[in-house]
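There are 6 protein chains.
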Amino acid sequence: MSELTHFDEQGRAHMVDVSSKADTEREAVARGRISMSKETFQRIREGRIDKGDVLSVARLAGIMAAKKTSDLIPLCHPLMLTGVNVDFTFDETAFAVTIEATVRTTGKTGVEMEALTATSAAALTIYDMAKAMDKAMVIGEIRLVEKKGGKSGHFINKE
Amino acid sequence: MSELTHFDEQGRAHMVDVSSKADTEREAVARGRISMSKETFQRIREGRIDKGDVLSVARLAGIMAAKKTSDLIPLCHPLMLTGVNVDFTFDETAFAVTIEATVRTTGKTGVEMEALTATSAAALTIYDMAKAMDKAMVIGEIRLVEKKGGKSGHFINKE
Amino acid sequence: MSELTHFDEQGRAHMVDVSSKADTEREAVARGRISMSKETFQRIREGRIDKGDVLSVARLAGIMAAKKTSDLIPLCHPLMLTGVNVDFTFDETAFAVTIEATVRTTGKTGVEMEALTATSAAALTIYDMAKAMDKAMVIGEIRLVEKKGGKSGHFINKE
Amino acid sequence: MSELTHFDEQGRAHMVDVSSKADTEREAVARGRISMSKETFQRIREGRIDKGDVLSVARLAGIMAAKKTSDLIPLCHPLMLTGVNVDFTFDETAFAVTIEATVRTTGKTGVEMEALTATSAAALTIYDMAKAMDKAMVIGEIRLVEKKGGKSGHFINKE
Amino acid sequence: MSELTHFDEQGRAHMVDVSSKADTEREAVARGRISMSKETFQRIREGRIDKGDVLSVARLAGIMAAKKTSDLIPLCHPLMLTGVNVDFTFDETAFAVTIEATVRTTGKTGVEMEALTATSAAALTIYDMAKAMDKAMVIGEIRLVEKKGGKSGHFINKE
Amino acid sequence: MSELTHFDEQGRAHMVDVSSKADTEREAVARGRISMSKETFQRIREGRIDKGDVLSVARLAGIMAAKKTSDLIPLCHPLMLTGVNVDFTFDETAFAVTIEATVRTTGKTGVEMEALTATSAAALTIYDMAKAMDKAMVIGEIRLVEKKGGKSGHFINKE
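Residue numbers (this note's numbering), protein chains in the order written: chain A, 1183 to 1341; chain B, 1183 to 1341; chain C, 1183 to 1341; chain D, 1183 to 1341; chain E, 1183 to 1341; chain F, 1183 to 1341.
For reference, chain A alone in the conformation it holds in the complex (with noise of 0.2 Å):
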């Protein structure tokens, strides 16, 4: 039967033991979307050809808050991320713009936090930037879409 594993026999909470675990290469892919007006979506859109990129900076901001995973979330395991990619698609009919974050890393808990990590923070960055235009944006369809590694094998989440 399933279980939160965050707490043991007793109820408290704890850090997982994991010093057991095999070191294997792990991958989680995440994604989310933000949905703006028209003419805030407009806006963030041209921004690809001017120099005031909205995106390039929300990509930073994702890239560099998987780093921050394990300071962020408290029962979540520190781990040396090997490579991360923070992308985006315009959603053109729904006014959104979807964010997708892939983590790598070689090690022992899989890497599905830093992923939903990276597009929240991606997300959050972009509410803050376009806020004097839009406060009425809401960020939301944050899930785990694959996660590849680790003793629970391959996930695809079946939406």
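Derived from the structure by calculation, the hints contain no laboratory data.
These numbers were taken from a predicted model, which means no experiment stands behind them.
Glycine included, C-beta positions come from ideal geometry on N, C-alpha and C.
Restraint-style ranges between C-beta atoms, simulated for each label pair:
hint, chain 1, residue 1, chain 2, residue 2, range
1, A, Ser-1201, C, Lys-1340, 23 to 29 Å
2, E, Glu-1228, D, Ala-1314, 51 to 57 Å
3, A, Asp-1199, E, Glu-1274, 57 to 63 Å
4, F, Glu-1228, E, Glu-1228, 48 to 54 Å
5, D, Phe-1272, F, Ala-1318, 37 to 43 Å
Computed cross-link-like contacts, SDA-like style, restricted to lysine to any residue with a CA-CA straight-line distance of at most 20 Å:
hint, chain 1, residue 1, chain 2, residue 2
6, C, Lys-1290, A, Asp-1205
7, B, Lys-1203, A, Ala-1314
8, B, Lys-1330, D, Val-1198
9, C, Lys-1333, A, Ser-1201
10, F, Lys-1340, E, Ala-1314
11, A, Lys-1317, B, Val-1327
Position chains B, C, D, E and F relative to chain A; hints supplied.
Showing chains B, C, D, E and F alone in chain A's frame:
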């Protein structure tokens, strides 16, 4: 006309100069939710009674993340927070936990990003603590609900 | 003869070169205590039953501080922790809470400092949360209890 | 009656709202000690004359840790410190080093936690630097000695 | 006579007490440069037109580093920055990129260290991003250019 | 042909995937200098004899900054450092202090950035500690001197 204030007139990213702004009392409220399977939802809700309490860990993660906002969001001003609350409600029909973060400061810029960051970090922590049971949880509807203080005045998000 | 290894032969502080050491499984256990008034002691002990639980906040503070050890202790090597536990017992006669932290890693250096840092941060957090009631609490007896792994082998502190 | 102010009326942890408090000058003094073998004590004391000075490293660790207090103690308010001193005295009969940290700020909350954190980090750093010689050192008697400023006024710990 | 203010009368390092100083508006400008091969210089300059823009990454690194100054420089006071700009110019004859950082705050101490730290971090980031092409780049001429506000008044570096 | 590896084929910044690289022993040596007035130079040099030692503070700042490199440089991989040395020499004719940082690790990427960051932070700290005497100090000639380990082999900067 509204602008992307985080860029100067040459389109270069900068931390906006707020030196001449007055220090005023400010407050922001953000909300979000995390949806999950019925089994996971019930297990987390039980945690309120047992000692193994997912939400008390997530609450602390949210409060601590609020304090790190200017380290996570590249162009965000540092602020001395004077109060942070993170609360949860259970949506029994949707199998979702709703997160609400309220942040206060006395300063030259608002605390919207702090409230949104607290909400995101609390949601990510719930994901982390329950992911051994349920990898398909979805974080969503993260948005600013209300904002007081500062030049732009009282904002209420008419959802 | 034993040496202060954090200084080189010219007496200059350095981070000792451990490049040639083997990665081995390591564990350290540290303990400490915080003494307080009878009233404060009883209020904290009740917290185990009520929701307002001082010790669950202190536990998280200890776990998170263990991950920050190399940032706090100037010449300490960074390490990827593989497990952290922080537990408490109530000393009913002395009106004291005893803290025990166990830290594990697979690495080139031991985790004594991580266990001692977790213990200290948990004690400081108890102080912070109860200081409105009792400013005269005393933190003490923080020491290494046991250490396994590495060249120096199994150490037990014969107290 | 005194209360655990870090919990709200529902027993939920929060960062207490201090928005309406006045900014006043505040100061806190904390003390602690680390006891050790005679040999270790003498080696550290000699360091004051030689260049390899354990205490100057520990002093810096204490000062820098004071600045990280709100990152270490979950519900602690961030504060702009305006002064930090960390000093040491040698207890020749007990083979112990006594640590005293004084922290100052102008702000809405006191700096007790900053002074206690500086003291703890200085003690931990002494442990780290001498642990190759002496693993049985004990850190103790960490307590608030004096506190000035703020609503609760002048507190002196009558030890 | 001028003094090393970061030491007290006994020669012990401390964070200078600035409690009694007034909060005034302050600004500092620092400059530096990184010299490189002609090929590397041209590739970076082209980046202004292509999407792969070394300088926009370096600009963010500089801005974010300014916010971390008190964490990097041991005896530096924490400050709430109210504005940061990092700009670049191309020195076509020397194959060098010139970096200029301007930092503002309202506070009790100046922002010279923040401006110098932003300049250094931006230069280091350019090195990092171009080092696969050119390991022999040299960072230099990092100095304070101008400083306003505070007791010492308006300083202009007559170079 | 050499490339800016921190960008992918679409010109987007990323943290390069090094998952398939071998863990090898790596070492990097960086150097830099800070030039100052004769009076400042003499005062710092005397510090080696007195207790008020600018260089011992700068050395610790350099060592601690090396551990923060991946937090400062946006696309830099985190690494577990296994050794850091920071040393100084006095250039009596130029009134300059020369800084040399040596960093070691066993990992998938090199430690050039860590050595350069340590050198920069040590130089900035010297500036901070002497700036009350001399605001016109100049930090310069920060460059990689030598690099061992990894696919690109042994690099010596032929200056």
